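This is what each chain is made of:
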Amino acid sequence: KQEVTQIPAALSVPEGENLVLNCSFTDSAIYNLQWFRQDPGKGLTSLLLIQSSQREQTSGRLNASLDKSSGRSTLYIAASQPGDSATYLCAVRGFQKLVFGTGTRLLVSP
Amino acid sequence: EPEVTQTPSHQVTQMGQEVILRCVPISNHLYFYWYRQILGQKVEFLVSFYNNEISEKSEIFDDQFSVERPDGSNFTLKIRSTKLEDSAMYFCASDKNSGVSTDTQYFGPGTRLTVL
Chain A
1 KQEVTQIPAA LSVPEGENLV LNCSFTDSAI YNLQWFRQDP GKGLTSLLLI QSSQREQTSG
61 RLNASLDKSS GRSTLYIAAS QPGDSATYLC AVRGFQKLVF GTGTRLLVSP
Chain B
1001 EPEVTQTPSH QVTQMGQEVI LRCVPISNHL YFYWYRQILG QKVEFLVSFY NNEISEKSEI
1061 FDDQFSVERP DGSNFTLKIR STKLEDSAMY FCASDKNSGV STDTQYFGPG TRLTVL
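Quick mapping for you: the protein sequence lines, in order, are chains A and B.
Sequence positions in the first sequence follow the working numbering and run 1 to 110.
Sequence positions in the second sequence follow the working numbering and run 1001 to 1116.
Check before you lean on any hint, since a few could be wrong.
[To be verified] Negatives, chain B to chain A, calculated, CB over 12 Å: (1) Glu1003; (2) Pro1008; (3) Lys1057; (4) Gln1064; (5) Asp1095.
[Stated by the list, open to error] Using 30 Å as the maximum straight-line C-alpha spacing, the simulated DSS-like pairs for lysine-lysine come out as follows: (6) A:Lys1 <-> B:Lys1078; (7) B:Lys1096 <-> A:Lys42; (8) B:Lys1083 <-> B:Lys1096; (9) B:Lys1057 <-> A:Lys68; (10) B:Lys1078 <-> A:Lys42; (11) A:Lys68 <-> B:Lys1083; (12) A:Lys68 <-> A:Lys1; (13) B:Lys1042 <-> B:Lys1096; (14) A:Lys42 <-> B:Lys1083; (15) A:Lys68 <-> B:Lys1078; (16) B:Lys1083 <-> A:Lys1; (17) B:Lys1042 <-> A:Lys68; (18) B:Lys1057 <-> A:Lys42; (19) B:Lys1096 <-> A:Lys1; (20) B:Lys1078 <-> B:Lys1042; (21) B:Lys1042 <-> A:Lys42; (22) B:Lys1078 <-> B:Lys1096; (23) A:Lys68 <-> B:Lys1096.
Since the hints were made in silico from the structure, they are not lab data.
Just so you know, these numbers come straight off a predicted model, no measurement behind them.
Glycine residues also receive a C-beta, built at the ideal position from the N, C-alpha and C atoms.
Turn these sequences into a full structure, and let the hints steer you where they fit.
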């Protein structure tokens, strides 16, 4: 059974810092990995999707990497801003369903 | 940009009542999903639906739950007799899923279900 873990559970940084969020999964037989952002009480916004054959994907200040063989992904956020404050979820895809981690709650202070 | 929509945004019901949660997936998408998130817990998969059939379901999705695509645009989740533990945020999602499982799943804003 696929298990997804995210470390750290919470992170507080001052504005402008670069930061790394970690995601690990137990079964490397995945089709892709998605990173989502969730604001309190809100839905899930897809940030990046990395296919199982890819090593990394970039969108603006976000860069996600994937090492399928070791069951790890990282989300790198450059030059963090207060508007980046949210919970970040990673999810790995089997054939259809996504299996989610518990998330990292990020607070960026001005 | 097309988006998944869900109604209502918040539903309050009494234990034992039936509820229907509604979703309008993105129009050219073929696969539809329901997930739920109990407060403070992980987002959990409930069911996937394709070509008017359930294609995969989780252990959570028991006989109390059913899904339907009643017309060309709506996708519904019915809970027949709600329990206190059904209180959660329910998310609908959709993707094109051309059969290669490489697509992005797009999520709706969620329906918060409160069972009293």
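Nearest-CB test (12 Å) between chain A and Pro1008 (chain B): 14 Å, holds
30 Å limit on alpha-carbon distance, applied to hinted pair Lys1078 (chain B) and Lys42 (chain A): 22 Å, holds
Lys1078 (chain B) paired with Lys1096 (chain B) [C-alpha distance capped at 30 Å]: Holds - the C-alpha atoms of Lys1096 (chain B) and Lys1078 (chain B) are around 24 Å apart, at most 30 Å.
Pairwise hint evaluation, Lys42 (chain A) against Lys1057 (chain B), where the allowed Cα distance is 30 Å at most: 24 Å, holds
Straight-line alpha-carbon gap Lys68 (chain A) to Lys1 (chain A), limit 30 Å: 16 Å, holds
Given as non-interface: Asp1095 (chain B), partner chain A, CB spacing beyond 12 Å: For Asp1095 (chain B), whose nearest Cβ neighbour in chain A is about 9 Å away, the distance does not exceed 12 Å, so it is violated.
Proposed proximity, Lys1042 (chain B) with Lys1078 (chain B) (alpha carbon, max 30 Å): 21 Å, holds
Hint consistency between Lys1042 (chain B) and Lys1096 (chain B) [alpha-carbon to alpha-carbon, up to 30 Å]: Cα-Cα ~24 Å, so holds.
30 Å Cα cutoff - pair Lys1083 (chain B), Lys1096 (chain B): Judged against 30 Å, a Cα distance of about 33 Å means the pair is violated.
Status of Glu1003 (chain B), Cβ more than 12 Å from any chain A Cβ: Per Cβ check, Glu1003 (chain B) is inside 12 Å of chain A; nearest 10 Å; violated.
30 Å Cα cutoff - pair Lys42 (chain A), Lys1083 (chain B): Holds, at about 23 Å.
30 Å Cα cutoff - pair Lys68 (chain A), Lys1096 (chain B): 24 Å, holds
Checked against the numbered hints given earlier, the structure breaks hints 1, 3, 5, 8, 11 and 15 and satisfies all the rest.
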